[in-house]
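Protein chains: 2
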Amino acid sequence: MAVAKITPKSEDYSRWYQDVIAQAELAEQAGVVKGCMVIRPHGFAIWEKMQADLDRRFKETGHKNACFPLLIPMSFIEKEADHVDGFAPELAIVTHAGGKPLEEQYCIRPTSETIIGHFFSKWISSHRDLPMLINQWANVMRWELRTRIFLRTTEFLWQEGHTAHATHAEAREEVYRMLQVYADFAREIMAMPVICGVKTETERFAGAIETVCIEAYMQDGKALQSGTSHDLGQNFGKAFDVQFQDTEGKRDFVWQTSWGVSTRLVGALIMTHSDDDGLVLPPRLAPIQVVIVPIFKKAEERAAVMEAACRIAAELRDDGLAVELDDRDEMKPGAKYYEWERKGVPLRIEIGPRDLQSQSVMCKLRIAAADERGRPKKLTLPMADLGLSVGKLLDEFQDFLYQRALDLRAAGSTSLDTWEEFSAAFEDDRSGFVYAHWDGTAETELAIKQETRATIRCLPLEGHGPAPEPGKCIKTGQPSERRVLFAKNY
Amino acid sequence: MAVAKITPKSEDYSRWYQDVIAQAELAEQAGVVKGCMVIRPHGFAIWEKMQADLDRRFKETGHKNACFPLLIPMSFIEKEADHVDGFAPELAIVTHAGGKPLEEQYCIRPTSETIIGHFFSKWISSHRDLPMLINQWANVMRWELRTRIFLRTTEFLWQEGHTAHATHAEAREEVYRMLQVYADFAREIMAMPVICGVKTETERFAGAIETVCIEAYMQDGKALQSGTSHDLGQNFGKAFDVQFQDTEGKRDFVWQTSWGVSTRLVGALIMTHSDDDGLVLPPRLAPIQVVIVPIFKKAEERAAVMEAACRIAAELRDDGLAVELDDRDEMKPGAKYYEWERKGVPLRIEIGPRDLQSQSVMCKLRIAAADERGRPKKLTLPMADLGLSVGKLLDEFQDFLYQRALDLRAAGSTSLDTWEEFSAAFEDDRSGFVYAHWDGTAETELAIKQETRATIRCLPLEGHGPAPEPGKCIKTGQPSERRVLFAKNY
Chain A
2 MAVAKITPKS
12 EDYSRWYQDV
22 IAQAELAEQA
32 GVVKGCMVIR
42 PHGFAIWEKM
52 QADLDRRFKE
62 TGHKNACFPL
72 LIPMSFIEKE
82 ADHVDGFAPE
92 LAIVTHAGGK
102 PLEEQYCIRP
112 TSETIIGHFF
122 SKWISSHRDL
132 PMLINQWANV
142 MRWELRTRIF
152 LRTTEFLWQE
162 GHTAHATHAE
172 AREEVYRMLQ
182 VYADFAREIM
192 AMPVICGVKT
202 ETERFAGAIE
212 TVCIEAYMQD
222 GKALQSGTSH
232 DLGQNFGKAF
242 DVQFQDTEGK
252 RDFVWQTSWG
262 VSTRLVGALI
272 MTHSDDDGLV
282 LPPRLAPIQV
292 VIVPIFKKAE
302 ERAAVMEAAC
312 RIAAELRDDG
322 LAVELDDRDE
332 MKPGAKYYEW
342 ERKGVPLRIE
352 IGPRDLQSQS
362 VMCKLRIAAA
372 DERGRPKKLT
382 LPMADLGLSV
392 GKLLDEFQDF
402 LYQRALDLRA
412 AGSTSLDTWE
422 EFSAAFEDDR
432 SGFVYAHWDG
442 TAETELAIKQ
452 ETRATIRCLP
462 LEGHGPAPEP
472 GKCIKTGQPS
482 ERRVLFAKNY
Chain B
2 MAVAKITPKS
12 EDYSRWYQDV
22 IAQAELAEQA
32 GVVKGCMVIR
42 PHGFAIWEKM
52 QADLDRRFKE
62 TGHKNACFPL
72 LIPMSFIEKE
82 ADHVDGFAPE
92 LAIVTHAGGK
102 PLEEQYCIRP
112 TSETIIGHFF
122 SKWISSHRDL
132 PMLINQWANV
142 MRWELRTRIF
152 LRTTEFLWQE
162 GHTAHATHAE
172 AREEVYRMLQ
182 VYADFAREIM
192 AMPVICGVKT
202 ETERFAGAIE
212 TVCIEAYMQD
222 GKALQSGTSH
232 DLGQNFGKAF
242 DVQFQDTEGK
252 RDFVWQTSWG
262 VSTRLVGALI
272 MTHSDDDGLV
282 LPPRLAPIQV
292 VIVPIFKKAE
302 ERAAVMEAAC
312 RIAAELRDDG
322 LAVELDDRDE
332 MKPGAKYYEW
342 ERKGVPLRIE
352 IGPRDLQSQS
362 VMCKLRIAAA
372 DERGRPKKLT
382 LPMADLGLSV
392 GKLLDEFQDF
402 LYQRALDLRA
412 AGSTSLDTWE
422 EFSAAFEDDR
432 SGFVYAHWDG
442 TAETELAIKQ
452 ETRATIRCLP
462 LEGHGPAPEP
472 GKCIKTGQPS
482 ERRVLFAKNY
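Each protein sequence line maps, in turn, to chains A and B.
Each residue of the first sequence is one higher than the last, beginning at 2 in the numbering used here.
Each residue of the second sequence is one higher than the last, beginning at 2 in the numbering used here.
One chain only, chain A, in its complex shape (with noise of 0.2 Å):
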């Protein structure tokens, strides 16, 4: 048991972040296999919960899931013009199986736009087969240059929905309507604020003819893109050939959408909540919720300590409460606390002969400093009726992590005018959201970006961000119709 320190933000925050994931056994890196990762139970387990949820959501929306091949023969990805340009260079090329040279090379895929769009095209004949709402949990693979665990790694694990459908209004519903669902997931269940948006075209997925997108504020003032949704237009039906023949017996091309979320929303995660004693999990995606810890000296007192928190466990086990009771015999209760911090469990319950007495237990959440919230740092719960007052406690930090996290925000974010303001801020490292008039052109958005880094993350949507109002695009005095959001980005 090496106790290892967890860099302070503030000293490094790249290295509080790999520092939080190591200590927490998260991840790591996988080293022998170039930009790639391997997801260590307690991540992994973070991970299936959010698939449980995000499933469930995309299920109640009418989507099935498929599973697609991994390898995409090479003239697929060559058929959508814009795809090709945009996938090319980051391809893992499979060119040798089975002891021999393959005819037509493949490629590991980047995504699945282009297979997907093959087989709807053998599915889809008639009105009646429509919309088509599939959706898929797969791994992909882009050959990144620059790599960060969890936030960009060569294979990554996510969920790809493609859906087709008779009339671009009906596509540009579902696009909208996923980038709700995934909008609500992170509000819900991850206890981080999303900012919702339309990219700009430089920005946009290479194929698409727009792309909405959630984008997150992370501790360090940057912006985490965390979700995204795509109009595909006819682009990939006219690839691939997806026609349908209409009510009146016209055939036409489908309107497809796609859209995904992935491993990067545990880095996102991290991000969001964690701090210098390392991980921090809201409940809803705490794999552990609550740990218990036996405290007793002598060994007399052991048996009726653990038995008092056996029964608690079981208790609260069946108040659907994810509970690990903690009985490693050769630490000390201050080493278990201490792993568990590390480890984000929300809520830790000691349990000692003097509680037996006083029928009632220790409660310490995660993050309970008394000059974050005014709560004092422990709690003093009665045994009677645990379930119902730990589950609220957890509640209420999940509700606190959220609002946290969005005045975390909102002390980030700024809307400037002038070129002299915005330029400074994003001098600084710690630069946050600045919404800023832009004149909406390519050529703007590319002279910002080069002198300051920052980036145009989106468009924001109505309710997102400032209330709409025209002004002067910020480097050139061209005139705006509203604020964007700039950020510098992962």
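By construction, these hints were calculated from the structure, which means they are not laboratory data.
From a predicted model like this one, the values you see are computed outputs, not experimental measurements.
Mixed in with the good hints, there may be bad ones.
Simulated crosslink set (EDC-like; lysine to aspartate or glutamate; CA at most 20 Å straight-line) [what the hints assert, rightly or not]: (1) A:60 to B:26; (2) A:65 to B:26; (3) A:299 to A:249; (4) A:123 to B:221; (5) B:10 to B:185; (6) B:101 to A:91.
Given chain A's structure and the hints, the job is docking chain B onto it.
Structure of chain B alone, referenced to chain A:
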């Protein structure tokens, strides 16, 4: 809605199998990617139900899920001598990535003992780190020459358990524990009886010192290996230097196991239960357990019938059943029956105007021919407490399918003692399971295979196959301790 016929089993078993899959829309050959398949929503939903149940069993036996890289450095594959011999001919190789040739080539994992061995060596140093009990749900790739949908595809989905232990005895306990988990799952959930046994050296996993398996009886009398569990000894521990310090401070290599089942189980399920009318699903794996078909002729009947159908659907769903209400107006009831039969829905409920009056519904199980069980083809059930009676009906149907499969296997199994009988048995295409004596040598095993195409599926464990009794090898007359299981296999 083209109404295609299912080729009768008796006419062409192989085409029957493909027709069942195609018409239930379970999966299809990818075509464009050699030997791969697309698993369509109905097929994937069955796999998801298998996964959910297995995953629960793995977690209950202390295993945790994790995720390791898809790509494995070629040098890793070469570290364990038997392993490379076994898998090298079947590898798909990535030679280029990010637009450049790779310095070290990777293969797409055919199985993950090597890369997991590498990480075990980083994570394990003390007996306190043991046992390490990991499982991974993943796609793997083996470039097979002859493929068959679900049964043998170049890419397939599976789970691979990988564990490390301090002693060989503990590792062997794990090997047999997980074999029992597979056998229980097959019996309880798939309604599929299996023979548990030990593989001969010839059929052993490349790198294992012992492989045990579950073998299932298919309706054409062939055997299907449905799951394997391997005692890896210290082979991979030595190849990847996975050492630990025991309680006395002595260093030793860990003892490892691995075990897996795959999407092949979907093929096993089809070939165990399905018939000439299409797919037959045991209720515990049916994505739709009950389909409700509303019946009405006049428009004025529609409202009342649909109201009752909706109410019944809601009630059954409240009772935890997976219910589809087929309210498609453009389709006649007969066409709906036909479609849901092909998709293997265990129970159909019909509701019409007369049923509303009698406050009952007509029910029909997917297989309920009077000649098979003496049960009338259709049942009338009162609407009151329908959830309870339907639940009971489905439980009985699950048991019925298991018993039917068991009976079929019994009818197709024999013990033979002369070479004449034995070789004659395997001249038949529907040769079945033959228990016969074998002298224990690889030479005899090979000679028998070459002459009859029969392979030794396993040396049955206690309680499987006929009771042990000594005898003489069917081929050489040499002494043998007990009969082994011969069959043609997939």
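Status of each hint after checking the structure:
no.	hint	in the structure
1	A:60 to B:26	19 Å, holds
2	A:65 to B:26	13 Å, holds
3	A:299 to A:249	84 Å, violated
4	A:123 to B:221	31 Å, violated
5	B:10 to B:185	28 Å, violated
6	B:101 to A:91	10 Å, holds
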